[in-house]
Amino acid sequence: MSRIPDQGILSRALGSKAWRTAARYLSMILLALLLFGAILLISGKDPLQSYREMFSSTLGSAYGLSEVLVAMIPMLITALAVALPSRVGLINVGGEGQLYIGAAFATWAALTFPDWPAWVLLPVMALLGIIGGALWAFLPGYLRAIGLVNETITTLLLNSVAPKLIGFLIFGFWHAAMDTDKTPNFVPAGRLPTFWGTRVHLGLIIALVLLLLYWIVMKYTRWGLEMRAIGGNPQAAKRNGIPLETYLVTIMCAGGAIGGLAGMAQVSGFYGVLLLNFSMGLGFMGFLICWLAGGDPVGIVLMSFVVSVIMTGGNLLQLTRDLPYAAINILLALTLFVVLARPTLLRGEKT
Amino acid sequence: MSLLSIAGVLSSAIFSGTSLLYTTLGEVIDERAGIVNLGLEGVLLVSASTGVAVAVVTANPYWGVLAAALVGGTMNMVLGYLVIHRQANQLASGLALMFFGFGLSALIGRPYVGAKIHALPRILLPGLSGLPRLYTSLFSFDPLIYLVLPAAVLAWWLLFRTRWGLGLRAVGENADIAYASGRNPRLIRYQALFVGGLFAGLGAAHLAIAYAMTWTEYMTGGRGFIAVALVIFSKWHPLRAVVGALLFSGAVAFQLLLQSSGVQVSPFLLDTIPYLVTLLVLMIWGGTRKQSAPASLGRVYHGTE
Numbered sequence: 001m002s003r004i005p006d007q008g009i010l011s012r013a014l015g016s017k018a019w020r021t022a023a024r025y026l027s028m029i030l031l032a033l034l035l036f037g038a039i040l041l042i043s044g045k046d047p048l049q050s051y052r053e054m055f056s057s058t059l060g061s062a063y064g065l066s067e068v069l070v071a072m073i074p075m076l077i078t079a080l081a082v083a084l085p086s087r088v089g090l091i092n093v094g095g096e097g098q099l100y101i102g103a104a105f106a107t108w109a110a111l112t113f114p115d116w117p118a119w120v121l122l123p124v125m126a127l128l129g130i131i132g133g134a135l136w137a138f139l140p141g142y143l144r145a146i147g148l149v150n151e152t153i154t155t156l157l158l159n160s161v162a163p164k165l166i167g168f169l170i171f172g173f174w175h176a177a178m179d180t181d182k183t184p185n186f187v188p189a190g191r192l193p194t195f196w197g198t199r200v201h202l203g204l205i206i207a208l209v210l211l212l213l214y215w216i217v218m219k220y221t222r223w224g225l226e227m228r229a230i231g232g233n234p235q236a237a238k239r240n241g242i243p244l245e246t247y248l249v250t251i252m253c254a255g256g257a258i259g260g261l262a263g264m265a266q267v268s269g270f271y272g273v274l275l276l277n278f279s280m281g282l283g284f285m286g287f288l289i290c291w292l293a294g295g296d297p298v299g300i301v302l303m304s305f306v307v308s309v310i311m312t313g314g315n316l317l318q319l320t321r322d323l324p325y326a327a328i329n330i331l332l333a334l335t336l337f338v339v340l341a342r343p344t345l346l347r348g349e350k351t
Numbered sequence: 352m353s354l355l356s357i358a359g360v361l362s363s364a365i366f367s368g369t370s371l372l373y374t375t376l377g378e379v380i381d382e383r384a385g386i387v388n389l390g391l392e393g394v395l396l397v398s399a400s401t402g403v404a405v406a407v408v409t410a411n412p413y414w415g416v417l418a419a420a421l422v423g424g425t426m427n428m429v430l431g432y433l434v435i436h437r438q439a440n441q442l443a444s445g446l447a448l449m450f451f452g453f454g455l456s457a458l459i460g461r462p463y464v465g466a467k468i469h470a471l472p473r474i475l476l477p478g479l480s481g482l483p484r485l486y487t488s489l490f491s492f493d494p495l496i497y498l499v500l501p502a503a504v505l506a507w508w509l510l511f512r513t514r515w516g517l518g519l520r521a522v523g524e525n526a527d528i529a530y531a532s533g534r535n536p537r538l539i540r541y542q543a544l545f546v547g548g549l550f551a552g553l554g555a556a557h558l559a560i561a562y563a564m565t566w567t568e569y570m571t572g573g574r575g576f577i578a579v580a581l582v583i584f585s586k587w588h589p590l591r592a593v594v595g596a597l598l599f600s601g602a603v604a605f606q607l608l609l610q611s612s613g614v615q616v617s618p619f620l621l622d623t624i625p626y627l628v629t630l631l632v633l634m635i636w637g638g639t640r641k642q643s644a645p646a647s648l649g650r651v652y653h654g655t656e
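If you read the sequences in order, they're chains V and F.
If you read the first sequence in this note's numbering, its first letter stands for residue 1, the second for the next number, and so on.
If you read the second sequence in this note's numbering, its first letter stands for residue 352, the second for the next number, and so on.
For the record, the hints were derived by calculation from the structure and aren't laboratory data.
Given the structure is predicted, the values throughout are model-derived calculations rather than measurements.
C-beta: ideal position from N, C-alpha, C; glycine also.
Some hints here could point you the wrong way.
What the hints assert, rightly or not - Facing chain F, a subset of chain V residues (Cβ under 7 Å, in silico):
no., residue
1, Lys-164
2, Leu-275
3, Asn-277
4, Phe-337
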């Protein structure tokens, strides 16, 4: 399994071939739209009308655009939770689990200290989310660092454990009076503030700041240099005095911490309540986005945007076109397929 | 606790473990050829929904089983095209395939939600016809259950006793050397994925047509990922996969047993046992595990330019 290449969209877009890259990605998405259109046609829906509704409902109005931004938030953060470890050659497929555990830790604070003011409660929740995610990633990081078990396998296994722990906590202790599959609503102080009367919450700012920080750290700090050295050749890095094992554990935990923060942002900013199985693959989505973007911050933002437009538009298709909500995953997957396959419709440099 | 409840638990363990074993066998074959199929969850869903659809339309469960198996093979071909032909990353392609399966299965299965199907017939385990009726109903299994152990032996035979299996394992260990010795790594990987998909499709068919006897969205509930874990647990060996599936369904049975005997342990916690045991086993095996994993698992074969 090779490392995510360092050459992301950013470096290429800044080059002279920016227009060509844009055209290439556009042609890929068009191809995906064509394929999904064919599927719509087969199932008896009008593809043109469906697409018109999809895009006008997401890109055509301020409200639609705000919903796209809302959907982007957890993807941005979980993608970063994959991108950072990937720089030292760690494959973190455990975003899903880290997200759940972070959400659970944050929820504990929201339910236990409902009387605290927001300026105390929210930072505590965020901190707990970070700690939860980091703890969940510690074991995979440690086992990898001592060369015992591959982190891909352990993070995958722990993904299956985390939602069950959440179920245990909700059913056993936290559930609301009427529902057994979710906690009571958080107090207003436990909710991340929202903007402009939409559902866009502070998580967006947090995500963008984190991405910026990531970019700066990777590019301008000693840590970034050492991490890139490890990613390039771990043994050579070690011989040059870089503490390889320490880095592997720390960076894995840092990735987990970011994943945990994504969980906190999701329960505090979006739902305001901890739901059973609330994620439905957000962590996996983050992995895909990070991979397709080559771990590049700007690429992550772009890919998250595209994916969010599709997913948000899918909500509407379900309502007006009588399609199951999950059907939009087809369009999403087709988009991912064509990007993964990188068709050479336009002759471009192969990455 | 009555004998009947123990028998019931045993029976349900066998029913729930069968689809898992088929799926695990499929993944063993994929991974022996060097390809990790993380999209198994999606493959299972599409197989299950198609199987139910065909079983309803033809009013014959066997056509449903056949369709499910073939669809499993076909879905794996999509992954094959991406990772073999386009040399895309296996983990990312697998996850994309999973999302594809979520969507496609929902679309295929939608008209058949709650539809009644003719389930596979159940045949009493030989030698038990003297038992009371309550017991005989527990130990009447469908043909797919009876075939699952032979299927494991078949997978073992294919991998370890045929020329094809030798070539397949060679490709999984080192595709370049396999190529140098006259094999076609790309073709073999496609074949492995197709056969693996057939097995996975049978697993989905058992789940949907014999066990649940209906289609519901996301009905596989993570079985695809469990299978991926069980492959590692079984050290990429089909016969050890039987042990893995037994462990998992045994944990499920244990959980049911505890519940029926009135012990108050959260089923959610018990559900985590199989994963934690797998993790523990991996940690204990640690060093030796490396030798049993196919050496070029997850690597892209670039050909010999």
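Right, here's what the structure says about each hint:
no.: 1; hint: Lys-164; result: holds (5 Å)
no.: 2; hint: Leu-275; result: violated (15 Å)
no.: 3; hint: Asn-277; result: violated (9 Å)
no.: 4; hint: Phe-337; result: holds (6 Å)
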